Structure formats: structure tokens, C-alpha cells
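Chain by chain, the residues:
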Amino acid sequence: EAAVTQSPRSKVAVTGGKVTLSCHQTNNHDYMYWYRQDTGHGLRLIHYSYVADSTEKGDIPDGYKASRPSQENFSLILELASLSQTAVYFCASSGLGGPGGQLYFGEGSKLTVL
Amino acid sequence: KTQVEQSPQSLVVRQGENCVLQCNYSVTPDNHLRWFKQDTGKGLVSLTVLVHENDKTSNGRYSATLDKDAKHSTLHITATLLDDTATYICVVGDRGSALGRLHFGAGTQLIVIP
Chain A
1 EAAVTQSPRS KVAVTGGKVT LSCHQTNNHD YMYWYRQDTG HGLRLIHYSY
51 VADSTEKGDI PDGYKASRPS QENFSLILEL ASLSQTAVYF CASSGLGGPG
101 GQLYFGEGSK LTVL
Chain B
1 KTQVEQSPQS LVVRQGENCV LQCNYSVTPD NHLRWFKQDT GKGLVSLTVL
51 VHENDKTSNG RYSATLDKDA KHSTLHITAT LLDDTATYIC VVGDRGSALG
101 RLHFGAGTQL IVIP
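As you go down the protein sequences, you meet chains A and B in turn. At position 26 of the first sequence (counting the first as 1) the number is 26 in the working numbering, and the numbers step up by one without a gap. At position 83 of the second sequence (counting the first as 1) the number is 83 in the working numbering, and the numbers step up by one without a gap.
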């Protein structure tokens, strides 16, 4: 069964601290994505990757870095966490993409920056 | 500017009743449209994908329609169950590949009461 696992599921960080959110997929998918979800808004794309060792900027990349060391793993890094980055973060993986490809999401990582 | 609008924002129905969720969008091009179910504190799970003009899909008690001319989609849930309580999210893809952008609605929160 397709699986995307995120860790940690919940984290409290201090302003200015470094935060790393990790994502692991066992779907053998080439494409991986990081989104953030804010209450009352749709998910927004932060970074994505379609091959190991390469990442691309999404629609809201400022303040975030990403790392794809292998096909299975994709991390989101907040070097200097800020209050505005409090949100729920979702990782997803996709094979073919578009209508022909399934899109699988992890269960989310709730980040609270104090 | 929000390109995917969902209505109603929230909805309460009694178990056994039917309900209809609406999605209007302005995304161009509109290659495909997906409906997702998100349980509280969980990730998004795909319910269906619609691709063609006037597409109709059925997945158990869930059925969906797409009118590309009107840029409008509906999700029908028949004979609701308590487990249908969730947020339902409409997503429009602007390309038929993984590198296309996905545009997410903010969701409709459905609450099913006994």
C-alpha cells in the first residue's frame, strides 16, 4: 500500500531556531512535494522535487529550504523559524502526475513557532 | 486571488441524508479536477478525479460531476454516515503532468450528526 510518512507529527519551536521536517515515501515515486496548510486557506506549494539531489521552488519558497538526498526522502528546512511559519505542513508523493497519477499525502506535521 | 472557491464553507447534515458540495474555479488551463477527503488531523485522501468536459464519476456513495464550460464541479454524498465527517477539498490541476500546478480550495467542512 502506498505510504508517505512524516516526522515529527508535531513540533514546538522557538523563533529563530532551526526546524527540519522529514518525509519518507515507499511508493517508488519520482515526485515529492511540500505544502503548508493554514486555517481557511487552500494548501500552498513550498518546494518540490522530481529527482534525487534536485529541488525546485514552489509558490511560497521564502524562508524554506528543501533537500532530496534519495528518491525516498525529502526534507523541509526552516533555518530561522518565524511566527508566520506556524502551520500544518504536508508532504506528498506522485508518480506520473496529472490525472493519470495518484497523489499520496502524509498525515501532516503541525509546527508551532513561539 | 483565490482561484478555487468552495461552498458552502461548512455544512451540518443528519446521518442518512444526502448532501452536495460545490466547487467553482477560474484556473486556466483546467486539465483535471480532484476531490479529496481530509479527516481531522490527517492527510488528504483522493476520492475521485475528473478529466473531461461533462465528466461524471462514481465511487461508492460519492459521485462527482465536472462542467468545464462553467468551470464548476459538484461532489454528491449519498446516505451520509458519521464517518463522512471531514473536510472535502477541491483541487484543480493546470497540466496533465506532475510538473503542473495544483490549485487547492480551502475546503468544505462537513459534519454528520446522528
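One or more of the hints may lead you astray.
[As the list claims (entries may be wrong)] Listed below are several chain B residues computed to face chain A (Cβ distance under 10 Å; list not exhaustive):
1. Thr2
2. Arg14
3. Gly16
4. Asn18
5. Val49
Just so you know, these hints were derived from the structure itself, not from any lab. All values reported here derive from a predicted model rather than from experimental measurement. Ideal Cβ placement from N, Cα and C applies to all residues, glycine included.
Each hint, compared with the structure:
1. Thr2: 7 Å, holds
2. Arg14: It is violated, given that the least Cβ distance between B:Arg14 and chain A is near 26 Å, above 10 Å.
3. Gly16: 29 Å, violated
4. Asn18: Because about 26 Å separates B:Asn18 from the closest Cβ in chain A, which is outside the 10 Å limit, the hint is violated.
5. Val49: 5 Å, holds
Hint check: violations occur at hints 2, 3 and 4; the rest are consistent with the structure.
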